[in-house]
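Asker: As they're listed, the protein sequences go chains A and B.
Following numbering that gives the first Met the number 0, the numbering of the first sequence begins with 0 at its first residue and continues without gaps.
Following numbering that gives the first Met the number 0, the numbering of the second sequence begins with 0 at its first residue and continues without gaps.
Just to be clear, a hint being listed does not mean it is correct.
[As the list claims (entries may be wrong)] Below, computed lysine-lysine pairings styled on DSS-like, alpha-carbon distance capped at 30 Å: (1) A:K93 with B:K20; (2) A:K101 with B:K156; (3) B:K209 with A:K89; (4) B:K183 with B:K156; (5) B:K183 with A:K106.
[Stated by the list, open to error] Have a look at the derived ranges for each label pair, beta carbon to beta carbon: (6) B:I215 with A:K87: 31 to 39 Å; (7) A:T70 with B:E47: 31 to 39 Å; (8) A:I75 with B:L205: 28 to 36 Å; (9) A:T11 with B:G131: 23 to 31 Å; (10) B:K79 with A:V95: 31 to 39 Å; (11) B:N141 with A:G58: 33 to 41 Å; (12) A:K109 with B:R137: 30 to 38 Å; (13) B:L205 with A:W79: 25 to 33 Å; (14) B:K185 with A:V72: 51 to 59 Å.
[Unchecked claim] Output of the computed footprint for chain A on chain B, the stretches with three or more beta carbons under 8 Å from beta carbons of chain A: (15) 57-69; (16) 91-105.
These are calculated hints, taken from the structure and not from any lab test.
Beta carbons: idealized from backbone N, C-alpha and C, even for Gly.
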Amino acid sequence: MVSIVQVIGVLTGLIFIYLDYVKFKRKEFSTMDFSIWFGIGFFIILAAIFPHYINTFIGKIGFLRALDLFTIVGFIVMFWILFIVYGKVKETNKKVEEFVRKEALEKLKK
Amino acid sequence: MKLIVIIPAYNEERTIGSVIKSIPEVNGRISKTEVIVVDDGSKDKTKEIAEKNGALVLSHRVNLGKGAALKTGCDAAIMKNADIIVILDSDGQHDPSEIPPLLEKLKENDIVFSRRIKRENMPLFAKIGNFGLKFFTRLLFNVNVNDPQSGFRAFTKECYEKIRWNTTGYSVENEIIARVGINKLKYSEILIKTIYKDKYKGTTLLDGFKILVDMIILRLTLRKWYQ
């Protein structure tokens, strides 16, 4: 018997992978970005289709409930995303600064 | 020798004209004086007023911060073959008539800092912030500058090549001091009068904390320091 939660889980995972693929094809994501987000999407689908395997795994690594595991994993993923976004913001700021300063100095060359 | 005065400006239409007008023609070893205003993304008439008063205006399309504006101005000064660069604020808190004593002191130094003397008029937060930043500047960079946040300075083109900074914001004053320390440059300071025109402009308490954090990061990351 397939539950509604499982269907939502599979659809979420598929949408996740689809968006990841679109961003990869538009060259907005590197191969590394694509692989990592694909892995996360694939894990969501697996967890939705085979929840009992997840429960067995959770028991083995010492978590009492699936929610505990998801909370910990959620924090790890959140910090990882924060790290990436921070790096990107710094990189973008530097590019903007270089561009704006270069544009201002162009006046001297005319 | 060619002197170029750099004035970074952000929304300073009220004061920029009078600041440019009061820059004196310096005699002696200075044969030519030019003024460059770096309009750091102002939304008012700063650019138009600066141009009307005879300054060369370089414009940042967006606001990048004081450090970036100063760097654009100093890079432009080098491109225009400046021998000496003077930097001062556009809000009228520095008196350009004090440029000659600054240049006089520069004869024996690579860079000359300024120290504000009218302490009784200084806002309380500025007093506390300046004391803390002065203490940490000595502790972290071993440079004895009494007013690290005073932005009225003069330096030679050779000095600029050694102190060229990366900071885009208000921490630029401290990065300059740090680079003076690591390059063991000759420095001195002169007393200047200061007029506080607008207590809501300039460095805020939050900027002060950010500057302190930036100073600690600088101390840890400037590799030449350890050589």
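Asker: Hint by hint, note whether the structure agrees.
Answerer: For each hint, the structure was consulted:
Our distance criterion of 30 Å between C-alpha atoms is broken by K93 of chain A and K20 of chain B, whose separation comes to about 34 Å. At most 30 Å may separate the alpha-carbon atoms for a hinted pair to count; K101 of chain A and K156 of chain B meet this at roughly 20 Å. Annotation: proposed proximity of K209 of chain B to K89 of chain A holds, straight-line Cα distance about 16 Å (limit 30 Å). Proximity of K183 of chain B to K156 of chain B is assessed by CA-CA distance (about 16 Å); at most 30 Å being required, the pair is judged to hold.
Using a Cα cut-off of 30 Å, the hinted pair K183 of chain B and K106 of chain A is violated, with the two alpha carbons roughly 35 Å apart. A hinted range of 31 to 39 Å for the beta carbons of I215 of chain B and K87 of chain A is inconsistent with their spacing of about 24 Å. Between T70 of chain A and E47 of chain B the Cβ separation comes to about 57 Å, which falls outside the hinted range of 31 to 39 Å. Separation of I75 of chain A from L205 of chain B is about 31 Å and conforms to the stated range, judged on CB atoms against 28 to 36 Å.
Between T11 of chain A and G131 of chain B the C-beta distance comes to about 51 Å, which lies outside the given range of 23 to 31 Å. For the pair K79 of chain B and V95 of chain A, the beta carbons lie near 25 Å from each other, so the given range of 31 to 39 Å is not met. Checked against the given bound of 33 to 41 Å, the beta carbons of N141 of chain B and G58 of chain A, roughly 59 Å apart, lie outside it. For the hinted restraint 30 to 38 Å between K109 of chain A and R137 of chain B, the CB-CB distance of approximately 45 Å leaves it violated.
Under the hint 25 to 33 Å, the C-beta atoms of L205 of chain B and W79 of chain A, about 29 Å apart, fit the expected range. Taking 51 to 59 Å as the suggested C-beta distance range, the pair K185 of chain B and V72 of chain A conforms, at roughly 57 Å. Counting residues of the segment 57-69 of chain B whose beta carbon lies closer than 8 Å to any beta carbon of chain A gives 7, which reaches the threshold of three, so the coverage claim holds. A count of 0 residues in the segment 91-105 of chain B with a Cβ less than 8 Å from any Cβ of chain A is obtained; the coverage claim is therefore unmet, three being the minimum.
When each numbered hint is compared with the structure, violations occur for hints 1, 5, 6, 7, 9, 10, 11, 12, 16.
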